[in-house]
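Model the full assembly from the supplied sequences, consistent with the hints where possible.
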Amino acid sequence: MLLIDCPFCGKRPELEFRYGGEAHIARPDDPSEFGDKAWGQFLYGRSNQRGMHAERWRHVHGCGRFFNALRDTTNDRFAATYKIGEERPALPEAQGAVEA
Amino acid sequence: MQRFSALALIRHAFTGHKTWRPQWRSPEPKPRYDAVIIGGGGHGLATAYYLATEFGIANVAVLEKGWIGGGNTGRNTTIIRSNYLFDESAALYDHAVKLWEGLSQALNYNVMFSQRGVMMLAHNVHDQQSLKRHVHANRLNGVDNEWLSAPAAKAFCPPLNIEASMRYPVIGAALQRRGGVARHDAVAWGYARAADALGVDIIENCAVTAIRRGVGGAVEAVETTRGAIETRKVGVVAAGNTSTVMAMADLRMPLESYPLQALVSEPVKPIFPCVVMSNTIHAYISQSDKGELVIGAGTDAYVSYTQRGALHVPMHTLEAICELFPIFRRLRMLRNWGGIVDVTPDRSPIIGKTSVAGLYVNCGWGTGGFKATPGSGHLFAWTLAKDEPHPINAPFRLDRFRDGYLIDEAAAAAVAH
Amino acid sequence: MSAPFRLEGGGRIDRTRTLHFTFDGKPYAGFAGDTLASALLANGVHLVGRSFKYHRPRGIVAAGSDEPNALVSVGSGPRFTPNLRATQVELHDGLVAQSQNHWPSVNFDLGALNDLFSPLFPAGFYYKTFMWPKSAWKRFYEPKIRAMAGLGHAPTLPDPDSYAQRYAHCDALIIGAGPAGIAAALAAEAHGARVILCDEEAELGGSLLAERKGIIEGKDASAWLADAVAKLRQSPKVRWLSRTTAFGYFPHNMLGLAERMTDHLAAPADGRPRERLWQVRAKEVVLATGALERPLVFPDNDRPGIMLAGAARQYLTRYAVKPGSRAVVATAHDEAYRAALELAAASVEIAAIVDIRQDMPGPWAARARAAGLRVLPSTTLCATSGRHRVSRVEIAPCGSDGKIGARSRLDCDLVLMCGGFTPTIHLFSQARGKLRFAEKLNAFLPDGGAENLRCAGACRGIFGLESAIADGVAAGEAAARDAVGGRVEAVHAPVPLSEDGGGGRLEPLPNHRSPHRVKAFVDFQNDVTAKDVKLAVREGFRSIEHIKRYTTTGMATDQGKTSNMNALGIAASALDKPLPTVGLTTFRMPYTPVTFGAFAGSARGELFDPVRVTSTHEWAKVKGAVFEDVGQWKRARYFPVKGEDMQRAVARECQAVRQSVGLFDGSTLGKIEIVGPDAAEFMNRIYVNPWTKLEPGRCRYGVMLREDGSILDDGVVGRLAADRFHVTTTTGGAVQVLNHMEDFLQTEWSGLDCWLTSTTEQWAVIAVQGPESRKVLERLVEDIDLSSAAMPHMSVRQGHICGVPTRLFRVSFTGELGFEINVPADYGRAIWEAVFDAGFSRRITPYGTEAMHVMRAEKGYIIVGQDTDGTVTADDVGLSWAIGKAKKDFVGKRSLARPAMTDADRKQLVGLLPENPELVLEEGAQIVADRQSAIGQKMIGRKMMGEKMIGHVTSSYFSVALGRGIALAMVAGGRRRMGETLCVPMPEGVIKAVVTNPVFLDPEGKRLDA
Amino acid sequence: MPDLGQARRGVLGGVDPSSGTGMLAVLPPLSRLIFRGRISTIGRVAAAFGVEPAMEPCRASVSGERAALWLGPDEWLLLARESEAPDLIEKLTVALAPLSFSLVDVSHRQVGLKVSGEHAALLLSAGCPLDLDRQAFPIGMCTRTLLQKTEIVLWRIAETAFHLEVARSFAPYAWGFLEQAERDL
Ligand SMILES: Cc1cc2nc3c(=O)[nH]c(=O)nc-3n(C[C@H](O)[C@H](O)[C@H](O)COP(=O)(O)OP(=O)(O)OC[C@H]3O[C@@H](n4cnc5c(N)ncnc54)[C@H](O)[C@@H]3O)c2cc1C
Ligand SMILES: NC(=O)c1ccc[n+]([C@@H]2O[C@H](COP(=O)([O-])OP(=O)(O)OC[C@H]3O[C@@H](n4cnc5c(N)ncnc54)[C@H](O)[C@@H]3O)[C@@H](O)[C@H]2O)c1
Ligand SMILES: Cc1cc2nc3c(=O)[nH]c(=O)nc-3n(C[C@H](O)[C@H](O)[C@H](O)COP(=O)(O)O)c2cc1C
Ligand SMILES: [Zn+2]
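Sequence lines, in order, name chains A, B, C and D. Under the working numbering, read the first sequence as residues 695 to 794, first letter to last. Under the working numbering, read the second sequence as residues 12 to 428, first letter to last. Under the working numbering, read the third sequence as residues 3 to 1012, first letter to last. Under the working numbering, read the fourth sequence as residues 6 to 190, first letter to last.
If you are wondering where the hints come from, they were derived from the structure by calculation, not from laboratory data. Here the structure is a predicted model, which means the values were calculated and not measured. Each residue gets a CB set at the ideal place from its N, CA and C atoms; glycine is no exception. The reader is advised that the hints may include incorrect statements.
What the hints assert, rightly or not - Label-pair restraints from in silico Cβ distances:
| no. | chain 1 | residue 1 | chain 2 | residue 2 | range |
| --- | --- | --- | --- | --- | --- |
| 1 | C | Gly-451 | B | Thr-236 | 15 to 23 Å |
| 2 | D | Asp-8 | C | Pro-80 | 52 to 60 Å |
| 3 | B | Glu-174 | C | Lys-215 | 26 to 34 Å |
| 4 | C | Gly-216 | D | His-124 | 35 to 43 Å |
| 5 | B | Asn-135 | C | Phe-439 | 51 to 59 Å |
| 6 | C | His-494 | D | His-124 | 32 to 40 Å |
| 7 | C | Arg-274 | D | Ala-52 | 50 to 58 Å |
| 8 | A | Pro-722 | D | His-124 | 49 to 57 Å |
| 9 | A | Pro-722 | B | Pro-33 | 53 to 61 Å |
| 10 | B | Asn-135 | C | Thr-18 | 57 to 65 Å |
| 11 | B | Glu-174 | D | Arg-188 | 43 to 51 Å |
| 12 | B | Glu-174 | D | His-124 | 44 to 52 Å |
| 13 | C | Ser-380 | B | Thr-317 | 19 to 27 Å |
Spelled out as structure tokens, the structure:
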């Protein structure tokens, strides 16, 4: 069970959270301008990153907030959590490196 | 290929089993092949086997980054059934079940396909509606599936608790008698041995690291940890790692890879005659020929490549197992493990061509692709050989996610495995 | 009753408490503090079971959780438990134990024929045969194979015991209470850490429990142990857990511990849980799990009476049991000499110490010789004999070239073996720590890269007693420092690794016979021999993972604790590769098997999943309602009176509503209050409907989509004020919808000023439906004008009912004039009863979900989740009228423009009337258009070509109001097919049905507006 | 027409609080309001409600018989005596106008339980995954979390006492779970 650092409440057990999928997939202001291909990618295309993955979590059984996290999917270690609207933090090379 | 039989065993017994030869060779990669399969799981090996047997393409390499069958093929709960709802899925999975029925003989390898019946439990009115919808659709598609009352379900599986006082009582079940289990490792090894005998090179410890493309973007070669290999046809069958491999050709896939866990109990004498699945309270269970209860747990909620998951996931499953089978409460977990399952938005696989010429993909089997192994391999081989899909896999094309023609088994009835 | 092999004095047993037990029906006695294994050995019983595949007689090999052989069944009736290690079963009075895997008895087992035919059963034989004839697999071979496999029997009765669970947190979790672990715990505690210390044994002490002569910090080892344990017990900062196995290491320093609480008691106090599962989150972990002794691999090394040297020492010193009278000691490691000396001192005759090594650098050989023991260096053990117990061995000199000299025989009743030690790195590896192979130690050692953990003592290759303690102190201090923070200074440095472990061997002992003829066991429990491993390599299995799976070595219930390293050694030499490059298989939880019940904990019966009930539940129960499960809720399905079946009850309930008035509990519907100046704008974006123009006091039926265009949920929404909406959702959708809304509000439209509050549980909802409903309510509602003019269909008012504040909706899911009373939930029961009383003269009738379903189907109202699945759009179910056409965007809108969503052949909701009005179609039944092929469908289970399923029945009931069966169905291009006759092929025959509009009753909605 | 204004029936009405070892108790009914709004509104809430809602995450502030529990960065649970809700809503609404905010009466949505006694934290740890040590979860800390299979609001009101808010229909489960867990102390 992961230990997740909610930007509001601090470190809490995974059970209190709900995973929210890949982060930073922005919904277009006007979806009608998106062609089928682009819309299909928006709906379904995912980086499914092996390595540092930007993802959303909601502290649903806590403060209720959605927030973003960077987690290395090869070892499940979190590198950062940050609030919605904040920039994806830059990581030192070593941490950000993607394992093949 | 050395034939396997009881007689052969007796003959070799006299020589102390000294003269058995490797079941598949360990060749050095050649500089070029007619086709390269990335991924030595059941599906990849079956693809190579059918390319060689059915389509006469034997100059094929299967590249496996670890050991063959070490992916999900070697870590699944081996449930085989074809009672899927939609016409497309029923056709796909039943194609596989038919191949399973003669597989041991075709491969000359006992894959222990055991048609002991797969029973899916209904716990409420909604379950009943959904399972009956399956029963009727299956019947019209020529797939066996029948509705059982709760007492009939218990008669079929005596350890089952059907007391009305249960929190979620069993109100009935759908039974596919042709469903069952098989020996997962034997499937990989059997295909490998048979493909190898036809000339296919099975190259282990060989990870693909890049896909090289030429003018017009067509596939030219793959780079591997054991050097570059030229080829015009690449079939990606990398299950949990598909997104990573496809990214080498700049394709972003409609896939997410999640940990899926399973566990076995200590072995006991035969007590559990069939396969039972309860989707509503999350339990999947059968007993292997070695005696351990094989139990499927759920997926963890997040993308991960760690091949393990959290403790609360198997705990949740064992709660359900103990409710359904209270006599198993004192049995003990022997081992728990995880796999990486590649899940599509509609929980149906992708088998077909891609926008990159010469690049084909077979993925998205998620929590339930073992059962499809022979069919999937056969259809994918067809697609690779003819550069067009077989009618059965045509609906499972990648660009259905662009225009919306999903085959949404999940939305229709959310049944895993 | 005195046991013949019990020593006069010594040991940690309590001789004042004699305990009686039976094994295979025979009575024996032992003492408190015994394990079943030690008590059996004290009684001279060595043969305790039969092996998995060849059914060979087997004895006790080890003294702890590493025991591969001595698996027994314990208890009887509902407490019968198979496959327990005799070495871990603590003796209690009245214990009943049985050996396993034999027929008819452990002494005479017909299964042993397998051993004779064993040349036919090499590794993986079953993959090569049993294929012909094809049908024989299912009918003959497989049942036979299954019956042979499986060790013990499963229990056949439900388990009466309970199991508990607990979360815990600490600064330092220390696993293993040997000298290293105890030292670590003391040090961590002294530095201010909250400590949990656990050990799988009944007593804390680890190897110290068998330590006779050691001196620690100037004290006798047992005195040191007693002091240390006392100190730990007294400290409020330390929780110590014995009989507690750390079985799993999970991400982010979460560990699973399994505590066995009652199995060691003769009569557990009633209600006390049998086991307790701990989920511990530790800031720092110290693994002090020690090391496991390895057997040696030599021909017929599996006979009863052949055991690990260290185990023999433990039986002697901890349990005061002589494991035999005359022993041959075979070793590749110094540690066996200690055992030999101690056994000799206890007057066990040592026939010889047979050491495969040429030179023994340590002091031990000299000590043994000084004590008069016969030490034979460069000697191998090449055969054993003795049917139910070893009685003789053959030894021979053996040079470094592997050449065997002249053989000689030694009589004995005990063989001790020691092939070296394997550090217990299981948990470290589970934590994904990296390993390093220490050549001199012949062992893999932890080498960093894991979680917040450190290893100490023998599990890190630090074997000396003093150094293990020093290492523990350093680890405990460092853990405290890292967990508690900068205030603590660690004083001691970890002990440097000397890599001097005193020898060891990872290959079989040489012998004179053809390797293909001997059975030298590697994995005792799964009957895997050295030649099996070699055969696997010969057959091309090169990866150790393949070798494991082909031979099943390491896959038994001990998970290869004693065998994995030997298998690896044999595999490496067969592959002709350096051992570290071959590597180990993956370590997985659990370290030792853990009871299912412990994982399931209290989640059984009522506590399996919360039972959610509404405020009228008890009332309905008293009225004899039949309930159905809808998610976690219990909902009244129907209210039978006087022995009615469901059909009759439902017919009566429907009639009552259509003719007079009925009462229904709708409290389970999800409710969300959306408040704020931007509430309407938010609604516009989340629903397909337009909301701007909805007046306060009015209601609207709302539909929301997922972003992919499919229907997510629906429900009536009341606008209470310009900035306040009362939203309802389906029962099952409540949580999901709130999450969906919060998601968009927080992440996409965070600029909108509105907020969501779940009010599902705030309101009890009582639907009063039927032409007489207004008349009933008029008597109860004080400050709301219920007249049609003042309160038309689809409106909401706030006021009071019987003095209780209410939100009163005029809405209808039945097609009748109707109201839904919302009152604060604690008043639900009282108001329900008040309405019931007020309606008495009008024969007000409570109705359940089934009647509700029938009536809504008569009106063509859908149920999301029944008439829709996740593939259905609003238009598919005829709800395009709800879509706000002028809206530029809403969630899901763009997806509706995709080709598949506009396909003319999409399934659409229609009504379906069976030609025979008596018939009720089955929900889930499939529909075909082509009559010809449909008739052919009478053939069950065979694919008919030509026909295509074009739809299915989603809802189907007998409608009393219409006097016939009605159904809703999703049919491809359904709206084009009005009036067409379609076929529903059933196993019994084809049913014809006509496609109609899905609104069967009162299409103009006159009754609603009454 | 009957007046049922006094006819409340709590979901745990049938529970005998003297059962068990006395560690569990059902709290009497309370007024409960969920206040949601931007942080700038909090000053006026403090003035009208008489309790300064905590800005620090997971903290409750108390004054007399009123309390404000931080549940999220824009969400507070306001507790007051049973009869006060209507007046409080009125007062707060007036005080906060014309700011935007949301105030919703949830008095019946949840049930208050009290877990107290020397082993209160230990008992809760049967199902609550948080560290309930005094340092990690001090008096005055409050948060939504889990009790086995149900969500709760957990608030430490004394060294050895916790106030739990449980959703109404989950309260029998929470009670039953805690009762069962008590047998394992
Ligand atoms: C716990 C669990 C239980 C399951 N239960 C069932 C069940 O009961 N019934 C059922 O039908 N299905 C089940 N499944 C699903 C099933 O296991 C899979 O769908 C199926 O085995 C997939 O086979 P595959 O050959 O496609 O993939 P895999 O067997 O995973 O093979 C893919 C291979 O590709 C290799 N690879 C990846 N990347 C590269 C690269 N870059 N270069 C070279 N090689 C690469 C991998 O190493 C791997 O060996 C379960 C899965 C799990 C994890
Ligand atoms: N000379 C040698 O080669 C050699 C070899 C082995 C051991 N030793 C002895 O080892 C001692 C080192 O002490 P130590 O403390 O490192 O080891 P130890 O063997 O004394 O203690 C390890 C303890 O860990 C427990 N344990 C292991 N895995 C566990 C798990 N998963 N859950 C719960 N408990 C678990 C065991 O029950 C045992 O009590 C020295 O006294 C030395 O004499 C020496
Ligand atoms: C159907 C099935 C049965 C298994 N039976 C056993 C078993 O009896 N003993 C065992 O140790 N492992 C058993 N395993 C688990 C494997 O040891 C292993 O955990 C699994 O293949 C995943 O590989 P990994 O743990 O090496 O990552 C079984 C696996 C499967 C899929
Ligand atoms: Zn939070």
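Consistency of the hints with the structure:
1. C:Gly-451 with B:Thr-236: 15 to 23 Å: Because 21 Å falls inside the window, the suggested range holds.
2. D:Asp-8 with C:Pro-80: 52 to 60 Å: Hint holds: Cβ distance 55 Å, inside 52 to 60 Å.
3. B:Glu-174 with C:Lys-215: 26 to 34 Å: violated (60 Å)
4. C:Gly-216 with D:His-124: 35 to 43 Å: holds (39 Å)
5. B:Asn-135 with C:Phe-439: 51 to 59 Å: holds (55 Å)
6. C:His-494 with D:His-124: 32 to 40 Å: Given range 32 to 40 Å: holds, Cβ gap about 36 Å.
7. C:Arg-274 with D:Ala-52: 50 to 58 Å: holds (54 Å)
8. A:Pro-722 with D:His-124: 49 to 57 Å: Holds: the Cβ-Cβ distance is about 55 Å, inside 49 to 57 Å.
9. A:Pro-722 with B:Pro-33: 53 to 61 Å: 56 Å Cβ-Cβ, so the 53 to 61 Å window holds.
10. B:Asn-135 with C:Thr-18: 57 to 65 Å: holds (59 Å)
11. B:Glu-174 with D:Arg-188: 43 to 51 Å: violated (24 Å)
12. B:Glu-174 with D:His-124: 44 to 52 Å: violated (35 Å)
13. C:Ser-380 with B:Thr-317: 19 to 27 Å: Cβ of Ser-380 of chain C to Cβ of Thr-317 of chain B: about 48 Å, so the range 19 to 27 Å is violated.
In the structure shown, a violation is registered for the earlier hints numbered 3, 11, 12 and 13, in ascending order.
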